Structure formats: C-alpha cells, structure tokens
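A.B. asks: Going by this note's numbering, 643 is the number at position 653 of the sequence shown; the sequence numbering is gapless.
Heads up, a few of these hints could be off.
As the list claims (entries may be wrong) - Cut-off 25 Å, straight-line C-alpha distance, at most; resulting in silico cross-link-like pairs (DMTMM-like, lysine to aspartate or glutamate):
hint	residue 1	residue 2
1	Lys594	Glu608
2	Lys71	Glu292
3	Lys607	Glu571
4	Lys521	Glu563
5	Lys594	Asp490
6	Lys521	Glu537
7	Lys521	Glu437
8	Lys594	Glu520
9	Lys579	Asp596
10	Lys14	Asp75
11	Lys31	Asp75
12	Lys607	Glu561
13	Lys579	Asp490
14	Lys71	Glu145
15	Lys427	Glu561
16	Lys427	Glu352
17	Lys71	Glu17
18	Lys579	Asp562
19	Lys100	Glu145
20	Lys607	Glu563
21	Lys23	Glu52
22	Lys579	Glu517
None of these hints come from the bench; they were simulated from the model.
Model, not experiment: these values are computed from the prediction.
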Amino acid sequence: MEPFTCFMEFRSYIDELYSNDYQKCQEAMICLKNAVIGSNKQKASVVSQGIVPRLITLLTDETVPLELRCDAGIVIDSLAKGANDQVRQLILYGTIHVLLQLIMKKNSEKQLVEICLRALRSIYQYRYAPTDVLHSNNGTLTYLIDLASPSSSIECQSCIANILVPICHSYIEQMLLCQAGAIPLLARLITSNHLVLQTPALKCLASMCFTNRAVSDIVCSTNYDDEMIPDILTRLTSRSQPVEVQLTAARCLTYLHRSGSLGSNDPRIEFKTLPCLARLCTEEFDEDTRATAAETLAYLAEIDSDLQRLAAISNHLINSLNSLLQCTSALPRQGAFRCFASLGANDEDIRKRIIEMDGLMEEVLAGLGDHCPEVRLAAVRCLHSLSRSVQQLRTTFQDHSVWRPLMALLTGQPTNELLTVVTSTICNLLLEFSPAKEPMLESGAVEMLCELTRNQDPALRLNGSWALMNMAFQAEQHVKTKIINTLGTDRIFQLLADSDTRVIMKTLGLLRNLLSNTLHIDSIMSEHSEKVMQAVNLVLDSQHPSEVKEQALCIIGNIGAGAQATDYVMEDENTLRKLGEFLTNKDTKLQAGARFAIGNLIRKNDITAPARRNRLKELGILSRLEESRRQELFGTHVYDEITSLIREFDYMT
C-alpha cells in the first residue's frame, strides 16, 4: 500500500508543479520522481494527466534552478522507460527535439546534457522512435559523435553509442553516419575496457556494415592505434572476451564478409569467425546467445559451400543445433532451423547427416505448424534446403508425407516471404522422380500453381511457372492437358511478356515439357497451334537474351518432331526465316537452337519430307548451313553436325 499512498500524496502536489515558487515546485517534482520510478502504472497516469508539457517547460527554462531542471529530465527519462503508449506520447510532445536542442546548446551544463542523453537513449530503444530527426541535419550526428570524445564521461560516450545503434539500418542512414565520422569513434570504443562502451559500439558497427559494401570497405581500411578494425574484431572473438563481445564481434566480421569486403577464404573468417560462432552454439551458453550465434552462422555460410562444409565439422555443430530444437522458446528453434538450412544448401553428405539426426524430421514438421511465424518460416527454409536431395525426396520426405503440411501453409493469408519459400520447396517435390508428385496433383496443386502465376510478386510468378514446368516433365497426357487448360494460352502469353526474364525462361521450359512426346505434341497442337506458334514468334522477335530465344527454338524443334505438328512450323514462314537467320548468327546458342529445330524438320522421313526439304532450300536454309560451316569458329562436333544436316538435303536430290 505504501507506493499507492505515496502516489496519492503526489496527486495532491500536482498543482505545485505549476507554482512559481521553485521550492514548492521542487518538492512536488521529488514526489513525482519517486512515484514514477519503477512503476509503469504511475508513469501512465502521469502522462495521461498532461504533465509532460510542464516537464518540458521546466527542463528548457534557463531561469529555473539547475536541480529542478535536472529532476524534470530524470522524470522524462523514467517515462521513456515505460510502456509503448507512454513513449509514443513523449515523442508526440516533441521531446526528442527538446532533448537534442539542450544537448547541442553551447552553454548547457554537463550534468543536464548527460541527463538529456540518457533520456534520448531510452527513447531510441524503441523501434518506432523516428530516426529522421537525427538524420535531417548532418550537424546533429557530427555534434553527437564529437561529443563522445575521450574527454567526455563514460556515461556520455555510452549514451551516444547506444543512440547510434538503432539509427543506421537503411543504406542512406548507414552512409550518413559514416560521413558524420562514426567509424573512427567506433574503432576507439570497441577497444575500450568498458563493456558499456564496447557492446553498443560493436552493435553499431555491425549495423553499419550490414549489406553495405561501401561502408564495409571503409571499415576494413580503418585502423585505431596501429591495428586494423578487422584485426581488432578478430581479437575480440577470443574466449577471453565477454560472451556478448565475442558474439557481436563475430557478427561484425560476418557482415564484412557478406558485404564482399572480406573473402570467404580470409583466415579471419575461416579460422576465427566461423569457429567462434560454432562454439557459441554449444550448450555451454545461454539460449539467447546460442540462438543469435546460430542465426549469424547461417548468414555467414549461406552462399558459400566451403564455409558450409567447414561449419558442419566444427565443434559438433550439427549436434548443438539439434539440441537447440529442444528449446521451448522461439528464437533458439528459429536459429537452429535457419542454420540447418544454410549448412545443407549444397552438400548431399551434410544433408544426409542432418536428416539422420534422431527426431529431426519430426521437429521440422512440428516447426511447420509452430505458432510463431518466424519459426514456421525458418522450418520451411530448412525443409527447402533438405528437399534438394534426390534420395531424401524418395525416402524420408515420402515416409513423412511432407507435402501435406506444406500445402496446408498455402491456405489462409501467408506472407509473400513464406509463400516464396513454400513454393520453392514444392518445386522440388514436383520433380519427376519425387513420389509426392501424384498425391499433390490430386490435392489441387495445378490450380494453386496456376493461380500463383498471377501474383504481383515476381518471385511467386517464377515459382508458379517453375513448379508447373517440373510437373509437366515426362507427365501423362491428362496432366499436361489439365495444366494448359487451367493456365490458359492467354496467361502463357502474359508470362512470356513478363518483366522478369527468369519467369519467361520457366514458361518456355513449361511449353517445352508440354510439347515433349509425339502423341502429346500432336494433341496439344491440334487445339492450340495458333496460340503456341504466336507465343514462340513473340519470343523470337523480341530483344531477349540468346538463352531465352534458344528455349523458343527448342520448342520449335519439339513441335517439328510431332507426327502431324510439323506442318504448323512449315506453314509459318516467319518462323522458318528466323531459323535461317539464326544459323549464321554470331551467338552460338542461337546457332545450336536453329540447328536442332531444322534437324527435326528435315530428318523425319514421311511422305511430306521431300516437300519440306525443298521448301527449306527455297528459303535459303541450305545456303545458310553451308555458310555457317565455312565460319570455322567451332569444334569438330559442330562441324560434323552441320555436315550431317547438309547431307539430308543432298539425300533429297
């Protein structure tokens, strides 16, 4: 009851806060200060009663006694440690601007400046605190960085380092902070013996380097006390350092590597950063440390197969990650799944070791249904990585009917990020050799994937067309018919005009797989010949790269292999002329595609074969072949192929 009584007594002094008698005002302020410290309920009551503007007035009025001004700042700092609603109200009152003005005022007392810095630090611990206030004027950042000089108090330097941490997440913010002179300051602070300086400085340095090559290059070329920053960071990953320092230094080095400033074969990455992170994943450390280490290691090795192999044999990492999955909280499970996904991205032996961990697949499947969205996403990433294994698709994935929970994740309103990873995994499950292909077809996969090709997100359109391409590969005719009827030729046209070249390539791959069996080719072309030929010509007449046009030429070759469909190509003079032009094109891909198509048109010996060869000869195809053979820009194999095609024309005569 005592705190409540104190607060009730304080309420009787509210009027005294507005008194011109500074003694009475000071007494009321002391009561207020004692009331709000440690009590969010009383902080909320103070804010709701509209006292903040009075606190700001007392804080900024130079005629008010310093002690009273300082106490007003202390109360504001306490309110800034409260609940979200209270902090948002402080921001709306313009508290950040007020604090900055006092901090940057030339004649402000050091004691008052430190109190204002503490309050500003408290506000910027919240994600929604506006960073543009600090970035709108370059002089603000420069002033704060200069203020954190070695002659300033540890408290002052610590506050400024903490303020800088959350204001450098975007590329522009990183560059502005760099231009303001933050890197030399951080280089000095990370060598400090004071943990309150080292830790925020390392966090800020990591944030500045994240996906920013320009800043990372500057960091790598900066030294302090004759020691380069990457070497300082490497030293800080030592076991002798506090755990948080080791972890954050390793994160800095990780970001320097991923930004491209340090190579994967740099000893500081291979033999210091990676082993440090693997060690911090072991059960020796607390859950939060292990979770962050696993996430960081996942990012470090994500795109480098050598680092993945090295990590997999470092400090029993796979066992450590498996034990992390036994934790009940979300972050450790998320970190473990992400790291497993990274380790298994490229190496079949590593994937085998991961899957053979006792209970691993059960944990992954449980992760797919986790209440935490981040854990679900990480579990799908892990599954996607493991799905690259042909053997596992045929065995473990089939045994656990992995496709069911994956398809279930597509219901409701999943985020685009989750959709992208889920559908990428489905692409692998729909490969020709996967036993999951048939049951997925029966569960509406065709309709779902066709709908996906209409998504505004290019990554999802890509996955939709990619999965349909895989589904059509060596498929039965009824499956191909269902795909083309559900997707529709109009949609195929739209996909071939997509802004993303990858989508166009997969759509052409889909057409190529649909038109891949003599009977299937004739069946599809009998219904859709006009649209298919228009689609192919659309690509051939475009400005697309040669690898795209090569796919279109292969489709023509497939059509030419049909029993009846050959006529559709022979009746299209534009297509035939394009084939001739590509035979002598400088691009070898276009030459090869044209030879493939022409070969299928002239090698098929049926009653119309002489007429086809004669027509092609009239269009100059034979002359083009002879011209291309004279180029002498290719090996024996291509020369023999061209010679063989020319002989087919000779056979005609």
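A.B. asks: Take the hints in turn and mark each one as holding or not.
C.D. replies: Results of checking the hints against the structure:
The hinted pair formed by Lys594 and Glu608 meets the criterion: a straight-line CA distance of about 19 Å does not exceed 25 Å. For the suggested pair Lys71 and Glu292, the alpha carbons sit about 37 Å apart, so the restraint of at most 25 Å is broken. At roughly 14 Å between alpha-carbon atoms, Lys607 and Glu571 fall within 25 Å of each other, so this suggested pair holds. Distance check on the hinted pair: Lys521 and Glu563 sit about 16 Å apart at the alpha-carbon level, within 25 Å; holds.
Between the alpha carbons of Lys594 and Asp490 the distance comes to roughly 36 Å, so the proposed pair goes past 25 Å and is violated. Restraint check for Lys521 and Glu537: satisfied, since their Cα atoms lie roughly 22 Å apart, inside the 25 Å limit. This hinted pair checks out: Lys521 and Glu437 have alpha carbons roughly 21 Å apart, not beyond 25 Å. For the given pair, Lys594 sits about 22 Å from Glu520 by alpha-carbon distance, which is consistent with the 25 Å threshold.
Using a Cα cut-off of 25 Å, the hinted pair Lys579 and Asp596 is violated, with the two alpha carbons roughly 29 Å apart. Annotation: proposed proximity of Lys14 to Asp75 is violated, straight-line Cα distance about 30 Å (limit 25 Å). For the given pair, Lys31 sits about 11 Å from Asp75 by alpha-carbon distance, which is consistent with the 25 Å threshold. Using a Cα cut-off of 25 Å, the hinted pair Lys607 and Glu561 holds, with the two alpha carbons roughly 15 Å apart.
Pair hint Lys579 plus Asp490 holds up; C-alpha atoms about 20 Å apart against a cutoff of 25 Å. With a C-alpha separation of about 17 Å, the suggested pairing of Lys71 with Glu145 holds against the 25 Å cut-off. The straight-line distance between the Cα atoms of Lys427 and Glu561 is roughly 37 Å, outside the 25 Å bound, and the hint therefore fails. With a C-alpha separation of about 21 Å, the suggested pairing of Lys427 with Glu352 holds against the 25 Å cut-off.
This hinted pair checks out: Lys71 and Glu17 have alpha carbons roughly 23 Å apart, not beyond 25 Å. Between Lys579 and Asp562 the alpha-carbon distance is near 22 Å, which keeps this suggested pair within the 25 Å criterion. Taken as a hint, the Lys100 and Glu145 pair is honoured in the structure, with Cα atoms around 11 Å apart against an allowance of 25 Å. As the CA atoms of Lys607 and Glu563 are separated by approximately 13 Å, the hinted pair is consistent with the 25 Å bound.
This hinted pair checks out: Lys23 and Glu52 have alpha carbons roughly 21 Å apart, not beyond 25 Å. The straight-line distance between the Cα atoms of Lys579 and Glu517 is roughly 30 Å, outside the 25 Å bound, and the hint therefore fails.
The structure does not agree with the numbered hints 2, 5, 9, 10, 15, 22 stated previously, though it agrees with the rest.
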